[in-house]
Every structure is written in structure tokens, then in C-alpha cells.
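Chains as they are written, first to last, in my numbering: chain U, 1 to 315; chain X, 1 to 315.
Certain hints may be false.
[Stated by the list, open to error] Residues on chain X that point at chain U, a partial pick, calculated with CB under 10 Å:
(1) Lys-121
(2) Ala-128
(3) Gly-130
(4) Gly-146
(5) Thr-151
(6) Thr-152
(7) Leu-153
(8) Ser-175
(9) Ala-184
(10) Leu-213
(11) Val-282
[To be verified] Footprint (simulated), chain X over chain U, 3 or more residues, beta carbon under 8 Å:
(12) 180–188
(13) 208–222
Derived by calculation from the structure, the hints in this document are not laboratory data.
Model, not experiment: these values are computed from the prediction.
By construction, the Cβ of each residue, glycine as well, lies at the ideal position given by its N, Cα and C atoms.
There are 2 protein chains.
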Amino acid sequence: MANSVTQLFKIKYPIIQAGMIWCSGWRLASAVSNAGGLGIIGAGSMYPAVLRDHIRKCKQATSLPFAVNVPLLYPNIQEIMHILVEEAVEIVFTSAGNPATWTAFLKEKGIIVVHVIANTKFALKAEACGVDAIVAEGFEAGGHNGREETTTLCLIPMIKKAVKIPVIAAGGIGSGKSMLAAFALGADGVQIGSAFAVAEESSAHVNFKERILSSAEGDTKLRMKKLVPVRLLKNEFADEVALAEAQGATAETLVQLLGRARAKLGMFEGDMAQGELEIGQVSAMLNEIKPAAKILQDILNEFLQEKSNLEKLSF
Amino acid sequence: MANSVTQLFKIKYPIIQAGMIWCSGWRLASAVSNAGGLGIIGAGSMYPAVLRDHIRKCKQATSLPFAVNVPLLYPNIQEIMHILVEEAVEIVFTSAGNPATWTAFLKEKGIIVVHVIANTKFALKAEACGVDAIVAEGFEAGGHNGREETTTLCLIPMIKKAVKIPVIAAGGIGSGKSMLAAFALGADGVQIGSAFAVAEESSAHVNFKERILSSAEGDTKLRMKKLVPVRLLKNEFADEVALAEAQGATAETLVQLLGRARAKLGMFEGDMAQGELEIGQVSAMLNEIKPAAKILQDILNEFLQEKSNLEKLSF
Numbered sequence: 001m002a003n004s005v006t007q008l009f010k011i012k013y014p015i016i017q018a019g020m021i022w023c024s025g026w027r028l029a030s031a032v033s034n035a036g037g038l039g040i041i042g043a044g045s046m047y048p049a050v051l052r053d054h055i056r057k058c059k060q061a062t063s064l065p066f067a068v069n070v071p072l073l074y075p076n077i078q079e080i081m082h083i084l085v086e087e088a089v090e091i092v093f094t095s096a097g098n099p100a101t102w103t104a105f106l107k108e109k110g111i112i113v114v115h116v117i118a119n120t121k122f123a124l125k126a127e128a129c130g131v132d133a134i135v136a137e138g139f140e141a142g143g144h145n146g147r148e149e150t151t152t153l154c155l156i157p158m159i160k161k162a163v164k165i166p167v168i169a170a171g172g173i174g175s176g177k178s179m180l181a182a183f184a185l186g187a188d189g190v191q192i193g194s195a196f197a198v199a200e201e202s203s204a205h206v207n208f209k210e211r212i213l214s215s216a217e218g219d220t221k222l223r224m225k226k227l228v229p230v231r232l233l234k235n236e237f238a239d240e241v242a243l244a245e246a247q248g249a250t251a252e253t254l255v256q257l258l259g260r261a262r263a264k265l266g267m268f269e270g271d272m273a274q275g276e277l278e279i280g281q282v283s284a285m286l287n288e289i290k291p292a293a294k295i296l297q298d299i300l301n302e303f304l305q306e307k308s309n310l311e312k313l314s315f
Numbered sequence: 001m002a003n004s005v006t007q008l009f010k011i012k013y014p015i016i017q018a019g020m021i022w023c024s025g026w027r028l029a030s031a032v033s034n035a036g037g038l039g040i041i042g043a044g045s046m047y048p049a050v051l052r053d054h055i056r057k058c059k060q061a062t063s064l065p066f067a068v069n070v071p072l073l074y075p076n077i078q079e080i081m082h083i084l085v086e087e088a089v090e091i092v093f094t095s096a097g098n099p100a101t102w103t104a105f106l107k108e109k110g111i112i113v114v115h116v117i118a119n120t121k122f123a124l125k126a127e128a129c130g131v132d133a134i135v136a137e138g139f140e141a142g143g144h145n146g147r148e149e150t151t152t153l154c155l156i157p158m159i160k161k162a163v164k165i166p167v168i169a170a171g172g173i174g175s176g177k178s179m180l181a182a183f184a185l186g187a188d189g190v191q192i193g194s195a196f197a198v199a200e201e202s203s204a205h206v207n208f209k210e211r212i213l214s215s216a217e218g219d220t221k222l223r224m225k226k227l228v229p230v231r232l233l234k235n236e237f238a239d240e241v242a243l244a245e246a247q248g249a250t251a252e253t254l255v256q257l258l259g260r261a262r263a264k265l266g267m268f269e270g271d272m273a274q275g276e277l278e279i280g281q282v283s284a285m286l287n288e289i290k291p292a293a294k295i296l297q298d299i300l301n302e303f304l305q306e307k308s309n310l311e312k313l314s315f
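Chain U with its partners taken away, still in its complex shape (with noise of 0.2 Å):
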């Protein structure tokens, strides 16, 4: 099973577990990686002792590589890169911010860098950086979002067009047909959130898992388009965002309604009413909490069956 992904990463299957906020610590990063794919700690929701804790405990937990996901605007970035040094963590994440700031850093220490992208622009300019590979993130994913608004099935062809790197889908991938269906646009691997946020593994509160599994189809929208725009499952929180933003709210109002420490409060303390619950549309197809390995091999097992079928169409 051996492709630019799986060899970049020395990993068994192209199949990369989002770094989520509140959602994935060790516990879910070593699940994934134990299990043949990528597990990602991500750091978005740690505070910088919080974070070497969990790459410390990810490392017991498993031999094989993860990564961590940064993204380049925490505060405290500094003293994170260093830790990631520190600790020498093999392969580094970076998203929202400019590629341009840390990725020499990573490199001389021979750590491999991707980050994640929403359009060709910043594809091609993460590349330009000596970035080892590239995440293109759709509309269609859960949290923080592309300007642009183009669906990962626009998305794929277009930054495959125009890099040369390895392309990691991801937007609206939780199945194997839709692992498939980022393969068929080019895909060399992909990066699965939503349908790892209720893994068994997930630091995710129970409350927030259950109301993944229970949404439909509308019940994400991309919010806050005048401050960073951010895919928001449906609540009493978000309804009143959108009567703001339906109003006219500025991006000053839009920022003192978020206030702080909405997304723990709902995403790892459980209150669904006032949090704010970063998910995916896949959220809707997903109905069961599981262990994070079955959730990767019923997703492979999927991709094989539907790509046997396919192969059997007859033009």
C-alpha cells in the first residue's frame, strides 16, 4: 500500500486523523497511528506544558510516527516550536498562518512540515516555503475555513493541477467512498476529522459526540464570515450568530458574542447549548461511537469494496 504519502510519513495506510481541537490528544493520535494511519495531537487547545505532556504520553503509547497540528497563530508560538524540538517530534502540521515564518525552522532540524491550505494561492506558496506536503482543506470541514468556499471537489483537481507535493484531502471525507472519490480526483491521501471526533478515543465531551451523531443534514454553516470564517454546528450559540449575522453584525459584535472559551465549553465541557461545536457535514452520516481503529478500517474497508465495484463498471 505504498504511495508518496505512506512512504513520506512510513505509515501503512494514506489515511491522516485531523489534529482537532478539544478532540485529539494522545489518546486519539496514538489510536490512529497504532492502527496503521496517522494520529495527530492537536495543539490548538493545549497550553505549551499541556502539549509536551501529550507528546510525551503519545510516544509510550505507540512506536510508530504521529505528528502534531500548530496552528501558526497560537500566542505562544515560540515556546511550541521549541517543544516540538525538544521532544523531537518527526512530523509537524502547520495551519492558519504563513508557511513562510516557521517552515525552515522544522526543516534544519529534519522534521517533515505540511500545511494545510483552501486554494492555490497559499498551495503554491507553502510549497514554494519547502513544505513536504500539502493539506487542501473543502468547504465541506468542520472549524476554520477557507475564504473562498470552494468544496473539496473543486478543490483536489486545482491544487493537484498546480503543486508538485503530495496533495492530502480533506473536507467531507469520512467514508470509504468519499476516500475513493478524493483518490479519483488525485488525492494522494487524506485527512478525516469529524468521523475521528467520535472515536472512542476523542477528548470530546459525551455530550458533544452524541449531538454529532444525532445532526442532519443543514445542521453545519459556515459562520463568523467577517472575522475567520468557521463550519458551526447548529445550537442556541450559533443560532444567535446567524440572527447577528443576518442582521448586518460588524466583526467587533461577531467577536463579543464568541467572547472566549466558547469552543471548550462546548466541545470538551459539554454544554450544548452556549458552545461552539467545530464540525464537518460528514457529521451527518455519522451514527455510532466507536473505537478509532475499527473507525479506520471500515473506512479502508469501504474504500476496497467501492473501488472493486467500480472497477467492475463497464466504461
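Position chain X against the provided structure of chain U, taking the given hints into account.
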């Protein structure tokens, strides 16, 4: 190349050209049908007498099956329906309205009926009304669009799981790669709009075609969400709408801003500043005006090539 869609329509390839206002008259529809796909006359921008004329000319231009797309909210809907019967149209695609109203009438006359939907609820309703197939259209599609904003990648597997009748994927499909992705998701056929809007035989104004070819990522956005969501290409008018919406414009204000005949002004008469320009996200990938037969053949060739590449993947 037989599957449920080619058998239903008695066509060679499961490629359907979308019925598009101001683009798809008899010239485009007959060219696509003659090339082995299913051409569709878009009745949405035609007075009843004009539609009758297009149907007759289409029959002269091709002996192969073609269809007519009818938005069910059309003001002259009764007259249109009787014209379809009088002119012995064999396949009708209905959209933008309730499939309960006209499906039985058309089916009694022996007409094949396909209904366009954007969510599972209406897919099930259309199936219950007796339609022969469904077009499931994702967020990335041009023109009018669903309120759920579900992308094609997320929509198709959900619709396939819900209904037993053939599912035709639409939205974001304008290449062999995206056609292959649609089949990977379980689609039985594809409906392609934007790529055929720039065909030589499309009746769109050349200014509109050239604007589509020069468009970039993020140049189309879903607007008018307080009325009926519609994907528009960026221009002075779309910018005015965007500004009004950002300031909280009411549905009434949007109706006034839209005024009358703006789609004709832009797409048919070539006013690139003040016209309403309906096109899908695929527009960013189009770069040439070609005959419809060449468009279809290029898509088909890429589909076959990519299908062969996908089969070679060692996992």
C-alpha cells in the same frame, strides 16, 4: 456502457447536460445528444411559444433522446406542461417546486420524469411521487441551490443510501476526474452545467463565456440566501448584493436590488457589470470554448484514463 441511467434514457454515456437558463436551447441540447449524452433544453428562460420552437428544432437536429428542464415555479406552468405533451417530449426534468403537482400527469402520458433535489427529504418525496430518477445537486453548483449547503461529496452518498431509483450527481462536475469521483460516491450518472455553458453551441453571450473562462477560485459565491440561494459570479451587481447582505439587507431589499430580467441582461445580452451571472465553482477550471461534442469526449477520455489510474493503485 450500460447502466441504470443510460438504460433509462436510451443514451450511450451517463452524461447529462444541465438545463440552464439563457444557455441551453436546441443547439446545445441537440449537440450533446448527438455526441451520446443527454441534452436538455432549459425552459426556465423561454416563453411557451419559444419553448415549442426549440423542441421542434431540437427534433430536427437530432434523432436521439433529449429532455426539457422545467422549473415548477414557472408562471406559465400549465401551458408549458401541455406543450411538452403536444410536442411528444419523452423526458422531462423538473426542478424548483413540488414534484407532487405534475409527476403523475407526465407519467400518465408515458413521459420519463426526473426531479432535481438538494437534500434527502425531497429525494424521498420525489421518489414517493413516482419520478424515474433524481438529480442530486451540491452546494458548488451554479444557479439556484439548496438551503442546507451540502456539497456534492457529502450529498451523493446520503441520497444513494436513501432512495432506490437512479441518482444523477450534479454540482462541481466538469471533468473526467470529478465524474469518476461522482461514480466513486455511488452516482449512476452526472449532470454537467458550467462546462457546457461555455460550449460553442451554448446560447450564452460571448462576453459571459469569456468572463467564465477568466474567472478564478472564489469568484462565485452563494448569494440571496434570504430569497432563494443562488450561486453568482463576481461582478458589480454581485458585489452590490454582497455589500447589502453584509449590512443585513432584508428579503424585500434583495428583491428590489435584483429587479427584473437581470439574468437575461448578463447571460444573454452580455452586460458583465449589471447582469446576474449564474455559474458553478467549476468555472475556475474552464479555459476554452469548445464544441459540446469535444467537451463531452474530453470528459469521457479523462474519466477512462483516471479510472485506469485508480485501478493501478496498489491498495
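Comparing the hints with the structure gives:
Against a cut-off of 10 Å between C-beta atoms, the interface hint on Lys-121(X) holds, since the closest Cβ of chain U lies about 8 Å away. At its closest, the beta carbon of Ala-128(X) sits 18 Å from a beta carbon of chain U; the interface hint therefore is violated under the 10 Å criterion. Contact between Gly-130(X) and chain U, as hinted, is not supported at the beta carbon level, the nearest pair being about 23 Å apart and thus beyond 10 Å. Here the hint on Gly-146(X) is kept, as its CB sits about 8 Å from the closest CB of chain U, short of 10 Å.
With its C-beta approaching chain U no nearer than about 4 Å, Thr-151(X) sits inside the 10 Å limit, and its interface hint holds. With its C-beta approaching chain U no nearer than about 5 Å, Thr-152(X) sits inside the 10 Å limit, and its interface hint holds. A hinted interface residue such as Leu-153(X) counts as satisfied when its beta carbon comes closer than 10 Å to some beta carbon of chain U; here the least separation is about 4 Å, so the hint holds. Interface restraint check: Ser-175(X) against chain U, minimum CB-CB distance 6 Å, threshold 10 Å, status holds.
Taking 10 Å as the C-beta contact cut-off toward chain U, the hint placing Ala-184(X) at the interface holds, the least distance being around 4 Å. Proximity of Leu-213(X) to chain U is violated relative to the hint, the smallest CB-CB distance being about 15 Å (cut-off 10 Å). Hint on Val-282(X) holds. Least Cβ distance to chain U is approximately 6 Å, under the 10 Å limit. For the stretch 180–188 of chain U, the stated coverage by chain X is satisfied: 7 residues place a CB nearer than 8 Å to a CB of that chain, which reaches the threshold of 3.
Closer than 8 Å: that is the beta-carbon criterion, and the stretch 208–222 of chain U has 4 residues meeting it against chain X, so the requirement of 3 holds.
Going through the hint list in order, the structure does not satisfy hints 2, 3 and 10.
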